[in-house]
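> Sequence:
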Amino acid sequence: MNNTNKDYLDQLSQCITIIPTNYVEALTMLHEKLDSLKLKWVVNGALAERLRLVKVDPDCIEIVTSKEGAEKIYSILQGLANQEISLQTKQLRNAVIGKVDYPVFARSYYFELVLNGITVKVEGDLQFKVGEWDWGEVFDFFPEFVYVTGKRIAVTPIPILYDFYSSIGWTDRSERIAATIKKPVNAKSLGVKLK
Numbered sequence: 000m001n002n003t004n005k006d007y008l009d010q011l012s013q014c015i016t017i018i019p020t021n022y023v024e025a026l027t028m029l030h031e032k033l034d035s036l037k038l039k040w041v042v043n044g045a046l047a048e049r050l051r052l053v054k055v056d057p058d059c060i061e062i063v064t065s066k067e068g069a070e071k072i073y074s075i076l077q078g079l080a081n082q083e084i085s086l087q088t089k090q091l092r093n094a095v096i097g098k099v100d101y102p103v104f105a106r107s108y109y110f111e112l113v114l115n116g117i118t119v120k121v122e123g124d125l126q127f128k129v130g131e132w133d134w135g136e137v138f139d140f141f142p143e144f145v146y147v148t149g150k151r152i153a154v155t156p157i158p159i160l161y162d163f164y165s166s167i168g169w170t171d172r173s174e175r176i177a178a179t180i181k182k183p184v185n186a187k188s189l190g191v192k193l194k
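Following numbering that gives the first Met the number 0, the numbering of the sequence shown begins with 0 at its first residue and continues without gaps.
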């Protein structure tokens, strides 16, 4: 590939992201099953980043909703669930704050299922805790929307993810987002002629 083509593809990647087919199919299936419920749910984590053009490879679909939302999703998808929905606490990777490591915990009404070969993690009333600090407020915000095969999918806004990762010292993740945010995209850089 010559430099002109590589530059063009690098610029194009700032407008279009390629999602693996099995993720697209799983998201479409989720949308079809959940759209009629009229509940608030968002795609979170690495897939939300990928859908917003951050160069990261997702390993699952993370869905964040309310406790009631998680219970409704569970009732609709119960036949696919690997476990009962329950209040669970999980330890995540450590936070690095002021060069000191602290354990990070997530608590939610949680269950998993497999859809089209992809693990789907559903978290209702998601909260985080660092070390011995108190539990944070329930993770809630106004979502952003992306379109996947014509389906309007809610995702966690990139600034929310950036602030969260920065606040707990997950610099690898916050730097990846910062690199995406800083890259300017305009029609001229993509070779599009404007009248």
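I should point out that these hints are in silico values taken from the structure, not numbers from a laboratory.
Treat the hints with caution; some may be incorrect.
[Unchecked claim] Once the Cα atoms are required to be at most 30 Å apart in a straight line, the calculated DSSO-like pairs of lysine-lysine come out as:
| no. | residue 1 | residue 2 |
| --- | --- | --- |
| 1 | LYS150 | LYS120 |
| 2 | LYS39 | LYS71 |
| 3 | LYS39 | LYS128 |
| 4 | LYS32 | LYS98 |
| 5 | LYS66 | LYS32 |
| 6 | LYS66 | LYS98 |
| 7 | LYS128 | LYS98 |
| 8 | LYS71 | LYS98 |
| 9 | LYS71 | LYS37 |
| 10 | LYS39 | LYS98 |
| 11 | LYS128 | LYS150 |
| 12 | LYS37 | LYS98 |
| 13 | LYS181 | LYS37 |
| 14 | LYS71 | LYS120 |
| 15 | LYS150 | LYS98 |
| 16 | LYS181 | LYS54 |
| 17 | LYS98 | LYS181 |
| 18 | LYS71 | LYS181 |
| 19 | LYS39 | LYS54 |
Since we're looking at a predicted model, the values are computed, not measured.
> CA of LYS150 to CA of LYS120, is that 30 Å or under?
holds, 20 Å
> Run the distance test for LYS39 versus LYS54: straight-line Cα separation, threshold 30 Å.
holds, 26 Å
> Decide if the proposed pair is consistent with the structure: LYS150 and LYS98, CA atoms, cutoff 30 Å inclusive.
violated, 43 Å
> What's the verdict on LYS71 and LYS120, does the C-alpha distance respect the 30 Å limit or exceed it?
holds, 14 Å
> Assess, step by step, whether the Cα of LYS128 is no farther than 30 Å from the Cα of LYS98, and give holds or violated.
holds, 18 Å
> Can you confirm whether the C-alpha distance between LYS181 and LYS54 stays at or below 30 Å?
holds, 13 Å
> Hint check: LYS39 vs LYS128, CA-CA at most 30 Å. Holds or violated?
Status holds; Cα separation ~23 Å.
> Are LYS71 and LYS98 close enough, with their CA atoms no more than 30 Å apart?
Answer violated: LYS71 to LYS98 is near 42 Å, above 30 Å.
> CA of LYS181 to CA of LYS37, is that 30 Å or under?
violated, 35 Å
> Is it true that the CA of LYS66 sits at most 30 Å from the CA of LYS98?
Given that 30 Å is the threshold and the Cα spacing comes to 35 Å, the pair is violated.
> Would you check the hint for LYS39 and LYS98, treating anything up to 30 Å between C-alpha atoms as holding?
violated, 37 Å
> Are LYS66 and LYS32 close enough, with their CA atoms no more than 30 Å apart?
holds, 18 Å
The earlier numbered hints that this structure contradicts are 4, 6, 8, 10, 11, 12, 13, 15 and 18.
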